[in-house]
Amino acid sequence: MEIDPFIFRLSIFILSIFIGYYVVWSVTPSLHTPLMSVTNAISSVIIVGAIIAALAGSSENVFSISSTFGFIAIILAAVNIFGGFLVTQRMLQMYKKKKGKK
Amino acid sequence: MISANLSAVFYLISGILFILALRGLSSPDTSRQGNYFGIAGMIIAIVVSFLSVGNFSTSLIYVIIFLMIGGAIGAFIAFKIPMTAMPELVAGFHSLVGLAAVFVAIAAYLNPEAFNLGNIGDIKLASLIEMSIGAAVGAITFSGSIIAFLKLRGIMSGFPVTFSGQHFLNLILGIAIFVLIFYLCKTQSDNIFWTLIAISFLVGVLLIIPIGGADMPVVISMLNSYSGWAAAATGFMLGNDLLIVTGALVGSSGAILSYIMCKAMNRNFVSVILGGFGGSQGPQMKVEGEQIAIEADGVATILNEADSVVIIPGYGMAVAQAQQSVSELVRKLRAQGKNVRFAIHPVAGRLPGHMNVLLAEARVPYDIVMEMDEINDDFPETDVAIVIGSNDIVNPAAQDDPNSPIAGMPVLECWKAKHVFVSKRGQGTGYSGIENPLFFKENTRMFYGDAKESLNKLLALIN
Numbered sequence: 001m002e003i004d005p006f007i008f009r010l011s012i013f014i015l016s017i018f019i020g021y022y023v024v025w026s027v028t029p030s031l032h033t034p035l036m037s038v039t040n041a042i043s044s045v046i047i048v049g050a051i052i053a054a055l056a057g058s059s060e061n062v063f064s065i066s067s068t069f070g071f072i073a074i075i076l077a078a079v080n081i082f083g084g085f086l087v088t089q090r091m092l093q094m095y096k097k098k099k100g101k102k
Numbered sequence: 001m002i003s004a005n006l007s008a009v010f011y012l013i014s015g016i017l018f019i020l021a022l023r024g025l026s027s028p029d030t031s032r033q034g035n036y037f038g039i040a041g042m043i044i045a046i047v048v049s050f051l052s053v054g055n056f057s058t059s060l061i062y063v064i065i066f067l068m069i070g071g072a073i074g075a076f077i078a079f080k081i082p083m084t085a086m087p088e089l090v091a092g093f094h095s096l097v098g099l100a101a102v103f104v105a106i107a108a109y110l111n112p113e114a115f116n117l118g119n120i121g122d123i124k125l126a127s128l129i130e131m132s133i134g135a136a137v138g139a140i141t142f143s144g145s146i147i148a149f150l151k152l153r154g155i156m157s158g159f160p161v162t163f164s165g166q167h168f169l170n171l172i173l174g175i176a177i178f179v180l181i182f183y184l185c186k187t188q189s190d191n192i193f194w195t196l197i198a199i200s201f202l203v204g205v206l207l208i209i210p211i212g213g214a215d216m217p218v219v220i221s222m223l224n225s226y227s228g229w230a231a232a233a234t235g236f237m238l239g240n241d242l243l244i245v246t247g248a249l250v251g252s253s254g255a256i257l258s259y260i261m262c263k264a265m266n267r268n269f270v271s272v273i274l275g276g277f278g279g280s281q282g283p284q285m286k287v288e289g290e291q292i293a294i295e296a297d298g299v300a301t302i303l304n305e306a307d308s309v310v311i312i313p314g315y316g317m318a319v320a321q322a323q324q325s326v327s328e329l330v331r332k333l334r335a336q337g338k339n340v341r342f343a344i345h346p347v348a349g350r351l352p353g354h355m356n357v358l359l360a361e362a363r364v365p366y367d368i369v370m371e372m373d374e375i376n377d378d379f380p381e382t383d384v385a386i387v388i389g390s391n392d393i394v395n396p397a398a399q400d401d402p403n404s405p406i407a408g409m410p411v412l413e414c415w416k417a418k419h420v421f422v423s424k425r426g427q428g429t430g431y432s433g434i435e436n437p438l439f440f441k442e443n444t445r446m447f448y449g450d451a452k453e454s455l456n457k458l459l460a461l462i463n
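So the protein sequences, as listed, match chains A and B. For what it's worth, my numbering labels the leading residue of the first sequence as 1, then goes sequentially. For what it's worth, my numbering labels the leading residue of the second sequence as 1, then goes sequentially.
Incorrect hints may appear among the rest.
[What the hints assert, rightly or not] In the EDC-like style, the derived pairs of lysine to aspartate or glutamate whose C-alpha atoms are separated by at most 20 Å in a straight line are:
| id | chain 1 | residue 1 | chain 2 | residue 2 |
| --- | --- | --- | --- | --- |
| 1 | A | K96 | B | D367 |
| 2 | A | K96 | B | E361 |
| 3 | A | K96 | B | E328 |
| 4 | B | K418 | B | E305 |
| 5 | B | K338 | B | E328 |
| 6 | B | K441 | B | E290 |
| 7 | A | K96 | B | E371 |
| 8 | B | K124 | A | D4 |
If you're looking for bench data, these hints aren't it; they were derived computationally from the structure.
Please work from the sequences and hints to get the whole structure.
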């Protein structure tokens, strides 16, 4: 008997929760704010769903109702991706030991 | 167009890069590299999703245009935002993830063929369940984050909004969501789908309005977690492993942060979510004595003689924008050869790690910024503790008074230092309304006034 693909996905999901659990506990508390902004950026990978929706329109009808929702979702997710990674980068740049000076 | 197997392999690589991005945050030295891993993972994911759809009609041009528009807005915000506004920025970003999840679910509902989920009115049962969970969690994340944003931005009062029957109403609406999903699966009726989304938006609002400002670190972490679960549900619907992995990572990250924040306030998650303050079981201990004020010159005299100084910043420092002055003070004191350190309580501020970011921005070297557990035992050997804009996190009543609303909360034991200076606006009890016996202790002196102005006066007197 074949295994339902859902069970595979569920396994991946649960194993990923465990990975997340151990990785996040090792994050130093002083970087909890960058942790939030970077998790925010990566959760915007939901943009792949938005891209599928947006590209579903035909050439004659690029903006069907369904693909329009996809396009808006692309904008929302893109704000997050660029904003999330860049603001994280900006924060992390500040976490530097002072060199030379005491 | 690339095969499904190949794109799955690329998504796996993206997923690994995302894990490495989080792993990098275990130390500031590796964190920047981690962020680059994250960016690389995202680029791979987006390119692969283009290639796997393989539709290069006019739509693609629009997709790229919209991507650029969103990207430009995001980049603009990222460069312009002041660090003190990080809590509301994070809340705002969460709301966008939530709304994007809702829109993807709507798009899939309206055009299931494009997602390979069946036909209109005949969507596969499993997909429909995943779709409705994605839409519901996304909608709750969206409206909840908007309320959190409004509260943090000060547009809406930070005080808890409560009314009678609130929990009952939430319970009814929560049940309604499940009932609607059940009937949606049976009938596939559009009206039920839209009602489901509308009710989920309402639940998000009702869930966050009763939660007060000081509990915001928990709320933001929780919404962070929700945005992850919404992404994971969408991943199940799309059969996209990368979204499932990422959603699980973000979901567990947010959940761990909520747990850490709750523990740092000695409150359980449920009581925070239900709103208001923790239950006080009896009359609070009467505070004896009086608050003794001190002027800048008095503080300066003692500081000039001290060898070891610990500074305890709180949300008040962020409000007064005093972090630059604090940093300057630290620089001067360290130049005199004094041992100056910071003590950071996990819930200081409105966001996990809020104080660390502000101090980093003000160029305080991170190796003198200590966590509560690292420094709490050092207070008896400390000459001067300076409390700047924090209150509950330095309240000895948490240890001494079993009737205090914050009894049992871990606090920074700054009163054990020889001298304690408290920089505070005025005599009030502050946000939580809890009396703080620290202010009445014999070795405590109150340094009244705006934190930034007080520190600037003090700075002039430190040689």
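Against the structure, the hints come out as follows:
Between K96/A and D367/B the CA atoms are separated by roughly 9 Å; this keeps the pair inside 20 Å, and the hint holds. A threshold of 20 Å between alpha carbons decides the hint, and for K96/A with E361/B the separation of about 10 Å falls inside it, so the pair holds. Distance restraint check for K96/A and E328/B: the Cα-Cα separation of roughly 17 Å lies within the 20 Å cut-off, and the hinted pair is therefore satisfied. Our distance criterion of 20 Å between C-alpha atoms is met by K418/B and E305/B, whose separation comes to about 12 Å.
Distance check on the hinted pair: K338/B and E328/B sit about 14 Å apart at the alpha-carbon level, within 20 Å; holds. Of the pairs offered as hints, the one joining K441/B and E290/B holds, with about 8 Å between alpha carbons and a cut-off of 20 Å not exceeded. Using a Cα cut-off of 20 Å, the hinted pair K96/A and E371/B holds, with the two alpha carbons roughly 17 Å apart. With a C-alpha separation of about 14 Å, the suggested pairing of K124/B with D4/A holds against the 20 Å cut-off.
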